[in-house]
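As you go down the protein sequences, you meet chains R and V in turn.
Per the numbering used here, the first sequence starts with residue 149, numbered consecutively.
Per the numbering used here, the second sequence starts with residue 94, numbered consecutively.
It is worth saying that the hints were derived from the structure and are not from the lab.
Among the hints, erroneous ones may be present.
So, partial list: chain R residues that the calculated Cβ filter (under 7 angstroms) puts toward chain V [said to hold, decoys possible]:
(1) R162
(2) F234
(3) E333
(4) Y334
Note that the structure is predicted; figures quoted are calculated from it, not measured.
Beta carbons are placed, not taken as given, at the ideal position from N, Cα and C, and that holds for glycine.
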Amino acid sequence: MSTASVPVPTALTRRKPPASVRRRRFLMAVANHSMLIVAAVVFLAPFGFIALTALMTNGQALSSHLWPNPFRWQNFVDVFHQAPIFRWALNTMIYACLATLGVVVSSIPVAYALSRIRWRGRNLAFGLVLIALMLPPVVSVVPLYVMWAKLGLVGGLGPLIIPNWFGDAFSIFLLRQFFMTIPEEYLDAARVDGCGELRILATVVLRLAKPAIAAVALFSFLYTFNDFFLPLLYTRENPSRWVLQIGLSEFRSLHQVQWNLTMAATLLVMAPVIIVFFLAQKAFVEGVTLTGVKG
Amino acid sequence: MAEVRYVQATRLYPGTDAPAVDALDLDVHDGEFMVLVGPSGSGKTTALRMLAGLEEVDSGAVYIGDRDVSDAPPKERDVSMVFQNYALYPYLTVAANIGFPLRIAKVKKAERDKRVKEVATLLGLSEYLERKPGQLSGGQRQRVAMGRAIVRVPSVFLMDEPLSNLDAKLRVQMRADIAALQADFGITTVYVTHDQAEAMTLGHRVAVLHEGHLQQCGPPRELYERPANVFVAGFIGSPAMNLCTVPVSNGAASFGGVDMPLPQSVVANGRTSLVIGVRPESLEVAEEGIPAKVDVVEDVGADAFVFCSTELGGETTKLVARSEARKAPRQGDRVTLRPRADEALLFDPASGERLEL
Numbered sequence: 149m150s151t152a153s154v155p156v157p158t159a160l161t162r163r164k165p166p167a168s169v170r171r172r173r174f175l176m177a178v179a180n181h182s183m184l185i186v187a188a189v190v191f192l193a194p195f196g197f198i199a200l201t202a203l204m205t206n207g208q209a210l211s212s213h214l215w216p217n218p219f220r221w222q223n224f225v226d227v228f229h230q231a232p233i234f235r236w237a238l239n240t241m242i243y244a245c246l247a248t249l250g251v252v253v254s255s256i257p258v259a260y261a262l263s264r265i266r267w268r269g270r271n272l273a274f275g276l277v278l279i280a281l282m283l284p285p286v287v288s289v290v291p292l293y294v295m296w297a298k299l300g301l302v303g304g305l306g307p308l309i310i311p312n313w314f315g316d317a318f319s320i321f322l323l324r325q326f327f328m329t330i331p332e333e334y335l336d337a338a339r340v341d342g343c344g345e346l347r348i349l350a351t352v353v354l355r356l357a358k359p360a361i362a363a364v365a366l367f368s369f370l371y372t373f374n375d376f377f378l379p380l381l382y383t384r385e386n387p388s389r390w391v392l393q394i395g396l397s398e399f400r401s402l403h404q405v406q407w408n409l410t411m412a413a414t415l416l417v418m419a420p421v422i423i424v425f426f427l428a429q430k431a432f433v434e435g436v437t438l439t440g441v442k443g
Numbered sequence: 094m095a096e097v098r099y100v101q102a103t104r105l106y107p108g109t110d111a112p113a114v115d116a117l118d119l120d121v122h123d124g125e126f127m128v129l130v131g132p133s134g135s136g137k138t139t140a141l142r143m144l145a146g147l148e149e150v151d152s153g154a155v156y157i158g159d160r161d162v163s164d165a166p167p168k169e170r171d172v173s174m175v176f177q178n179y180a181l182y183p184y185l186t187v188a189a190n191i192g193f194p195l196r197i198a199k200v201k202k203a204e205r206d207k208r209v210k211e212v213a214t215l216l217g218l219s220e221y222l223e224r225k226p227g228q229l230s231g232g233q234r235q236r237v238a239m240g241r242a243i244v245r246v247p248s249v250f251l252m253d254e255p256l257s258n259l260d261a262k263l264r265v266q267m268r269a270d271i272a273a274l275q276a277d278f279g280i281t282t283v284y285v286t287h288d289q290a291e292a293m294t295l296g297h298r299v300a301v302l303h304e305g306h307l308q309q310c311g312p313p314r315e316l317y318e319r320p321a322n323v324f325v326a327g328f329i330g331s332p333a334m335n336l337c338t339v340p341v342s343n344g345a346a347s348f349g350g351v352d353m354p355l356p357q358s359v360v361a362n363g364r365t366s367l368v369i370g371v372r373p374e375s376l377e378v379a380e381e382g383i384p385a386k387v388d389v390v391e392d393v394g395a396d397a398f399v400f401c402s403t404e405l406g407g408e409t410t411k412l413v414a415r416s417e418a419r420k421a422p423r424q425g426d427r428v429t430l431r432p433r434a435d436e437a438l439l440f441d442p443a444s445g446e447r448l449e450l
């Protein structure tokens, strides 16, 4: 048997695109980057302002000085002396974490039942979820407040956390849309292999839907972390239950306004959100793109 | 190991008028390899899913062994299934995928590992056990899916077009592997395909379905040589059988001017026309016969299929003949085709049923 001679590979000479094409590509790149730089400056400017002011002395803050001189790192220590930031942070974490856990735990089974189990009235139930999604939250505030007041829970974190354990329309919708994209064959295979519906949910669906669940958890965490209205409504009268957002607002109005300390506190409050977003950016973006839902 | 029986089993999807599977009566013997075949929408996959417990049985019953499983959930039926897209969990390794049914059945880890290894060795997957399905080729994924199905040694083995995503060469190889595996284990197997080559080569018996009705069930050779009706005759065989409605006079059928004598039993009830079925290999290019014009010649190696047009009873009719590749006519040639009268099949034009000669 004869073997065909193998051609010796030669170094690839890359073809240079014509000058007109190169020029067009260069101009496009310049245009794109200019746009991005302008957008970045617009978004970063307030952040930069906060960060710089947080490092100024009280005299420099909101003056004509843009650059702190000297850098006063002590501001971050003083904030803790002037306000119970740890207490507020703890309340915020209790609220954000328990509410997020509640949203995830309660929304997943509902979304599964609305997407992957056939039952009479399923579409009607999904319609109700959509209606709940479209209902402005303000509409239900007064009756809910009356209810919590009658239960004697106003003033604590209960009214903030408990409703999240009964499902959240947006999360149910987002998860349902994602569950619909999971090929039915995965679930059928699990059924034939001996799984019941709960087992399928726990061993198959949760694993396949990780990006969507992460997105739901992130949305919920960020929403509750930044929430101002509900904590104000339910805990305004009880400073020991204030969350960071309320504390920050009160910090400004209670004391004589010290802008450098206010900005230092603001920076501390913003930090967790920014850190969470950076760490979970991938899951966040994946979850949103996979479900085709905008947050 | 168990036999499977469909007794008047019917599935009517909500919101539709026509049942997807209509009063299916079918027995699959213990250890038999039964192939369900039919065109898209024939109800073959629905029938399989009814057996798996993934579709409801709206009327009638499905038995596995002596047990009526019509209302039993899938996990209580002791069946395993290979899906068209394999349905391997992307987040589990090959070993975990194969061992999944055992994990669900709470088999101890040591025993589970042992069985997974045995199956992997059998299927030539030993070196891939720690990989994820995404890192495997189509053929390997297919074998993992097979492994997951056999690791539990079920009573009945179900396969839903398991080879349709593979390339032609791999498909032929896997076909042989599946046949060998089934023969080794002797597990009753129900296999769904739309590919009649798979049906004919794999099945001990083949059941042909059309629009939810069972048309015929029998060994592949019987289906080919003695199709029950016009549908089966046209569906089994490639290229399809030539089926033409021809007039009957003086005890003979006139097929494009060629008189084919008919037996007394066929002529007796005064029929004036018949459907005549001639396989391409029973229609030869000859000196005399039905005049036709060659449209296309398909050279398939040793043989060539000659696709022709002819005038029968005032209508243009397409006919296919088989010829030796070297002697095949060319496109545009005028030829004459002669049917072998003794190999022709006759069908009743009204009911489509084959007439016994």
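Against the structure, the hints come out as follows:
With a cut of 7 angstroms, the hint placing R162/R at the interface with chain V is violated, because the nearest CB-to-CB distance is about 32 angstroms. At a threshold of 7 angstroms, the smallest CB-CB gap from F234/R to chain V is about 39 angstroms, leaving the interface hint violated. Because the beta carbon of E333/R sits about 4 angstroms from the nearest beta carbon in chain V, less than 7 angstroms, this interface hint is met. With a least beta-carbon distance of about 5 angstroms to chain V, the hint placing Y334/R at the interface is held under the 7 angstroms criterion.
Checked against the numbered hints given earlier, this structure breaks hints 1 and 2; the rest are met.
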